[in-house]
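Trainee: Sequences listed follow chains A and B, in order. Numbers 1 to 745, taken from UniProt numbering, label the letters of the first sequence in order. Numbers 1 to 745, taken from UniProt numbering, label the letters of the second sequence in order.
Among the clues, some could well be false.
If several chains are the same, the list does not tell them apart, and a pair holds so long as it fits within one copy or across any two.
Said to hold, decoys possible - As a list, the in silico DSSO-like pairs of lysine-lysine whose alpha-carbon atoms are at most 27 Å apart:
hint: 1; residue 1: K268; residue 2: K431
hint: 2; residue 1: K473; residue 2: K268
hint: 3; residue 1: K473; residue 2: K95
hint: 4; residue 1: K340; residue 2: K562
hint: 5; residue 1: K190; residue 2: K473
hint: 6; residue 1: K268; residue 2: K107
hint: 7; residue 1: K469; residue 2: K190
hint: 8; residue 1: K312; residue 2: K469
hint: 9; residue 1: K604; residue 2: K562
No lab work stands behind these hints, which were simulated from the structure alone. Please read all numbers here as calculations on a predicted model, not as lab measurements.
Listed below are the residues making up each chain.
2 protein chains.
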Amino acid sequence: MAEAAAQDLLLAAAFVSDAQYNRNIPFKTSPEAVRLYHLYNHWMMRIATYFFIFLNLSLALFEEPAVYPLPFLATSVLEVLCLLVFLGRLTHFAKVTLHNVFWKDTKNICIMVAILLSLTDLAIYGVLRMYDVRSIRWSRIVRPIFLINFAESRQIRRAFRSIRNTLPEITYVFLLFMFSLLMFSLMALKLFGERNLQTAEGLPYFRNYLEIVFDLYVLVTTANSPDVMMPAFDFSSWYTLFFIAFVIINTYIFMSLFLAVVYNNYKKHLKNEIRKLAYMKRRKMIEAFNLLKEEEGEQFVVREARWKQLVKLVAPDTSSSHRELLLCISDDEQKGFVDKKSFVQLADLLNIQVVTLRVRRHPLARWVPALYGSAPSQLLRRVVRHRAFVWTYDAIILINAIFIALDEESPYISYAEWVFLALYIIEILLKVYTYEPREFFGKTQFWNWFDTLIIFAALTATILNATLKSTLKYNSQQILDIVFILRVLRLIRIVDSIQRFQVIMNTLINIVPTMLTFGGLTLVVYCVFAIIGMELFHGKIQYFPANSNAPHALECGNPALKDSLFARGKYCKNNFNNFASSFIVLMELTVVNQWHDILSGPAKLYFIAFHIVMVIIIVNIFVSFILEAFFVEYSLEKSEVETAIERKIQELGMGVQEDELQYEQLLDNMESAEHELEGEGGTKPQSKGLVFKIASKRYRTVDALLQRMFEAEIPLEDEGLSFEEILNLSPTSAVPRSPSSESTA
Amino acid sequence: MAEAAAQDLLLAAAFVSDAQYNRNIPFKTSPEAVRLYHLYNHWMMRIATYFFIFLNLSLALFEEPAVYPLPFLATSVLEVLCLLVFLGRLTHFAKVTLHNVFWKDTKNICIMVAILLSLTDLAIYGVLRMYDVRSIRWSRIVRPIFLINFAESRQIRRAFRSIRNTLPEITYVFLLFMFSLLMFSLMALKLFGERNLQTAEGLPYFRNYLEIVFDLYVLVTTANSPDVMMPAFDFSSWYTLFFIAFVIINTYIFMSLFLAVVYNNYKKHLKNEIRKLAYMKRRKMIEAFNLLKEEEGEQFVVREARWKQLVKLVAPDTSSSHRELLLCISDDEQKGFVDKKSFVQLADLLNIQVVTLRVRRHPLARWVPALYGSAPSQLLRRVVRHRAFVWTYDAIILINAIFIALDEESPYISYAEWVFLALYIIEILLKVYTYEPREFFGKTQFWNWFDTLIIFAALTATILNATLKSTLKYNSQQILDIVFILRVLRLIRIVDSIQRFQVIMNTLINIVPTMLTFGGLTLVVYCVFAIIGMELFHGKIQYFPANSNAPHALECGNPALKDSLFARGKYCKNNFNNFASSFIVLMELTVVNQWHDILSGPAKLYFIAFHIVMVIIIVNIFVSFILEAFFVEYSLEKSEVETAIERKIQELGMGVQEDELQYEQLLDNMESAEHELEGEGGTKPQSKGLVFKIASKRYRTVDALLQRMFEAEIPLEDEGLSFEEILNLSPTSAVPRSPSSESTA
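Here chain A stands alone, though its shape is the one from the complex (with noise of 0.2 Å):
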C-alpha cells in the first residue's frame, strides 16, 4: 500500500520534471486509474489528438472559400469526426481525475463550450444552407482553442499565460506610446496641415488628423520611411528635426520599452513556473520517503530492497546496470540503505540521461576479426579518425559550394556533382567502418543523423531525377528543386567543424523545440485573423496571371487600385481570397514593410489589432525567449552547472562527459577502456562493462537548465509550501528579494 502510494508520488515527482505532464493535479489512484492514465499520456495517444486538432483546424483549407474545394458534406463530417475526438479525449481525462478538480478546471469547461459552439454552427449553417441561405461560419475562429487548451499543448499554454499577465504592463505602455502618437499628429497638424503639400502620388500631405495618426502609426513600424517625410523635407530641411525627435523617442525608445515589459515580465514568470515545479518535485518526494521510511539508528532511511522495488516500478525500462549505477550514487557508502537527502535526489537521477554506452566492439571486428584487424584496415581507421580527414572533407565542401554556384549547363559540371555524391557516401561508409555503427548513429549525434540523411536523400532524388530524364525525356521541376535544395544543405556541416560556431549552432538547436511553441502561437494568432480576414476582405482583391486579358487585371481585378502603390508593386497575389494567401499575407504583415501598402483603406484598423499582438506582443515574446536563452547559453559557458550527481557519475569512473571530448577522443577512450578492461579482467566491479555518458549539454532544454539553476537554491531542509501555495505563488512573491539578482533580472 505504502508502496503504491510512494510510487504514484515518485512518479508525479518525475513527471513533474520531466516538464511534459502537468502533474498538478491530483489524480485518481487506483489500479484502473493509474492505467487509463498511462494510456492517456501513451504517444499514440497524443499524436492522435494532435492529429485531429490539426485536421480541424486545415479544414479552412477546403471550406469556403477554398484552396481545395470539397464539398460541405465532406468538411462538416471531418468537423464532426474531430469534435467527437476531441469529446473523447476529454471524457478519458475525466476519467483519470478527480471529479471536483476536473470540473474546476477552466480549460475542460473551455473545450466543451468550445465543442458545444462549433456544433450549434455547424447545425445552424446546415439548416440554412439547405435554404440557399449564406450566413458566416463563425464559429471557425474557436476552433484555435483546441489548440491552446488540450493538455499536450501546455507550453501553449503558459505562453498565452506569459501574455496574460503581460497585458496590463503592455497597456500602460500602450497608452502612453499612443499619447505620444497623437501629440506628434497634433503637432504634425499644426505645423503642415496648411502648407499645401503634397505626397509623391499627389494626394494632399498631413491635411486630415486621423490620417496623420494613421501614417505616423505606420512610421513607427519604419515601413513608411522615408516617404512620409520627404514632402515636408522637400519644403524646408528643418521640419526633418520632427521626424529624427518621432522616430527616436517612439520606434527606438517606445519600441525597445514594450521589448523590455515583454522580456521582463517573461522572465519573472518563467522563473515562477520553474520554481513551482522545483518546489512540486521536493515536496512531493519528500512525501514518498516519509511513506516508505524505517527507523536505522537515529535517522529515518528507505532499505536498499524496497529502493530497488520502487525504482523497478517506477522506471520499468532502465537496464538493471543503470540501476546498479543509481543505487551506487544513492546509497553512497554502501550502507545497505539510502538517506533522506539522497532519496529526494531519485526523481532527478532518473531524469538524468544516462546513456548506458556498452563499451562494443565494431562488428566487423567481431565477424572478420583478422581483416578488420589487419594493418592496412587498422592505417584506413588512422586515417579517418586524423583531423586531415575532416580539412579534407572541409576543403570538398568549399569546392562543392563553387560547383554548385557555376552554371549547370556545362556537362563537365553535372558529372562533377556525381563525383561529389561519391565522396559524400565514401566518407560515410568509412566513418561507419571505422566507428562502432550504433554510436555513430546514437541518438544524440545530431550532425551524423543530419549528414546521412541529407546524401541519401540527394542520392535518390538525383536517382530518380537522372531516371526519369533519360527514359522519360521528362525533366521533374519539384525533384531537380529538392536535389538543388539538398545539395545546398549538405554545406551547411562545415559550420560544425569551428569551435566558436558550435556554441552558437548548439543553442539554435536546443531553441528549436521550444520555437515550435511559438509556431503554435502564430497558428493561434494567424488562424483567428485569416478567418476574420477572410470574411471581411473576401474577393476584394482578384489575382490574374501575367498576360491575362481580364478587365482590370492590371488593378488586380479592382478598378479603385488603379494607379495605387498596391497595383503598381504587383501585389495582386497578397489578398484574403483563400486560407493559404490569408497566411502569406499575415506573414507579410509580421515583416511589418509595406503593410500600409498591402492594405489600404478600411482595414487600417484591422492592422493595427494584428501589429499590436503579433508584432509588439507575439514577435516580442519570441525576440525575449531567444534573447534568453542566448543569456543562458553564454553564462553556462562560464559556470558550468554541475550537480552533485554527475560528480558522483565521474568520481565512479564511470562517466563520459561529451562535452569535454572531442567525438573521435571519445571513441578512442572507449577503446582503450574496452583493451584495460580485457587486461584487468573487471577489477572494477559497478562498471560492468558499461561507460555512462551523461547526455551532453547540447541536448538539455532552456528550461531543464534554468531549472537545475534553481534547485540549487533551495536548501534540502526547505519542505517548502503546501501544494496549495505552490500553485498559488505569484510571479512577484516567487522571485527571491535579493538586490543583487534583481538587479540583474
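For this one, chain A is given, so just place chain B on it according to the hints.
Mentor: Relative to chain A, chain B alone:
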C-alpha cells in the same frame, strides 16, 4: 601633510563615485598641480573644450561642399584655432599628470597624432589649392577623434570600449549570419535563377549570385519585403516557404542574436566598470583613513576635529548644518570620533544629494501676514492643494487639446487660445501663491520648471506674433511654428498626473543624460560616414524645386535614374551634396526602410558597412541600454535600495523621502513641522529648523543605482585588490560566480 594627502585621496574617491571624472590616473599632488587640476576641471574650461570640438566638427558645414559656403581661408583659420585649443588643453592635462602616465595613455597619443595629421593635410591641401589642384581633405575623418578622446567625454569612450569588447563575439555571429545568407542565396539562385522571372519593374529576377546576396541582405532588414518575394510567389505559392524560412532564421533569429550578444557584453562591461569604480573608491577611502587615523582604545579612529576639517576642505560648499548631519551619521553614538567603517562611507555621504529644505514661511506670510493668513487666502490655498484643482486643470488641458485640433480660422478659437493661456498662467500664479516659491522652483521640480518655461515661452511667442500681425501685417511662420509646438507640448503635463505613467516617464527622464552619450556616438559615426559619403557621392544627385524646368529635373538631374523608384518616390533631396543632407540621408538609413532605393548602384558596400556599424552595433547598444534602464527601474519598484545612510537620516527624523509623499503632502508636512518646532521651541538640537530631503529616485542615474547595488555586495573587510589589479579587472573575472545571478544575467 597627512591631511593634504588624505584630502587628495578623499577628493579622488568622491570624484570616482561622481562618475564625472576619471581619476584612475595618479595625479601630481603638489598644491600648484592641484590648482591646475581644479582649473582643468572648471566647468568653463570644459564647456570651452566642447565648444571647440563641436566647432571643429561643424566646419564640415562651411567647407566644400558647403551648406553655408565660407572662403577656404576662414575655415582653415578656424580649424587651426581649434587645433591650437586642443593642443593647449592637452598641454594643460600633461601638466597635472605624472609624465610616465601621460605618455603611456594612448588617448593622449591619439590626440597628438590627430592634430599632426590635420595640420599636415591642411597644409598640403592649401598648397595644392594655390596651384589649383583639387585634392581630398581626408583628414576630416580624423576630427571625431577629438570628441572621443578628450577626457570629458568619458561616457563616449566607455561606449567605444564596450563596442571594441563586443566585436569578437559579434564577428562570430556575423560570420555565421553571412554563411546563412550565402547558403540561402545559393538556394535562391538554383531555385529561381533559370525560371526567367521578372520583378515588378520588369528587371530579371534572381539571376546573378551577388545581386541575390544583396537582395536577401536587404530582406533581412525587411526593407524590400514583400517586393522581393512577389515574383516567386506569383510563380508558385510554395516558394513563399523559402522566404518564410529565410525571414525566421535571418531576420528574427539572427537579429535577436545580435541583440543578445551586444546586450550580454554591454551588461558585462557595465558591471565591470562599476565594480572597478566601487573598488577604487573603497580603496582610496581606506588609504585616506590610514593617513589620518589615531589610536583610540583598541581601534584606530579619526577624531571629530580632524574629520570636520577634512570635510570642510573636501567639500567647501556644504552648509555647516549639512556637515553636522554628516557627523551625526558618521559618529552615531556621539563618541567624538569616527571609526573606520563610518569613515569609509564618507565619500558616499558626500555624494548623496541632500537638499537642505529650510522650513521657510512663504515670503508673503512674512511681508503681509494679515492678508496671507486671512480666511479667504487660507481657503484659496486649500482649494489649490485639493485634488480637484489638479483634476480641473487636467480637464482644461483635454478641452484645450480639442481646441488645438479644431480649425484655427474661426476667430472664436483664436480667442480661446488667449483664454487657455490666461488659465495656465493663473494656475502657475496660484501655485506660487500657495507653495513656497523657492521650493516650487526647486532643482528637482522638473514638471514645475517644464510648465512654467513652456507657458511663458508660449506667452512671449503669442504676444510677439500678435504684435507682428497687428502692426506689420506680417505673419512670421517660424514664430507660428514655435507657438504651435509649444501649445502641444503644454498638453504633455497631463501624463504626470497618472501614477503608472509617472514610473515610465521618470525612467525616460532618467535616461536622457546617457542618451546624450549615444548622441555623441551617433555623431561620430555619422560624421565619418557623411564625410566619406560626400567624397564618394557628391553631386551624383541634384534636387530641383517642384516646378523646375531643368533638364532631368524629374530624374534628380541624373539620366540614369529615369523610371527608378528613387525618382518616382521624389527622393531627390536625399543626397550627399552637403553635410546637412548627408546627415539626413544617414538618419534615413538608420531607420533602414527603403535604403536599397535611396542608394542604388555602386553604393551597396557603403550601405552594408553603415548598416553593420550603425544598426547592428550602435542601435543594438542603444536598445540594450534602454532595456537595462527599465530592468533596473522595474527591479527597484519592488526592492527599494536603501542604504544605511538613508535609514539614518530617516531615523534622525530629518529626512523626507520625496517618493513616499505627494508634493502637496510634503509641503503640508513641512508646515506642520514648522508649527511643531515653534511649539516645542527646538527640542531636537540636530534639526535646527532644517529638513533634509534625499534627492529622489527620479533624479538618480542608472549608473549611480547600479553602483550602489554593487557596493552592497562588497564586504567592508575586503580591502580589495591593488590599483593595478583593479585597473586590469577583465569583464569575465569581474562577474561573480554565483549561478543564480548568472542565470539571470
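Trainee: Run every hint past the structure and note whether it holds.
Mentor: Do the hints match the structure? See the list:
no. : hint        : result
1   : K268 - K431 : neither (47 Å within a copy, 42 Å between copies)
2   : K473 - K268 : neither (62 Å within a copy, 63 Å between copies)
3   : K473 - K95  : neither (61 Å within a copy, 88 Å between copies)
4   : K340 - K562 : neither (78 Å within a copy, 82 Å between copies)
5   : K190 - K473 : between (70 Å within a copy, 21 Å between copies)
6   : K268 - K107 : within (23 Å within a copy, 43 Å between copies)
7   : K469 - K190 : between (69 Å within a copy, 18 Å between copies)
8   : K312 - K469 : neither (58 Å within a copy, 96 Å between copies)
9   : K604 - K562 : within (19 Å within a copy, 33 Å between copies)
This entry does not satisfy hints 1, 2, 3, 4, 8, going by the numbered hints stated previously.
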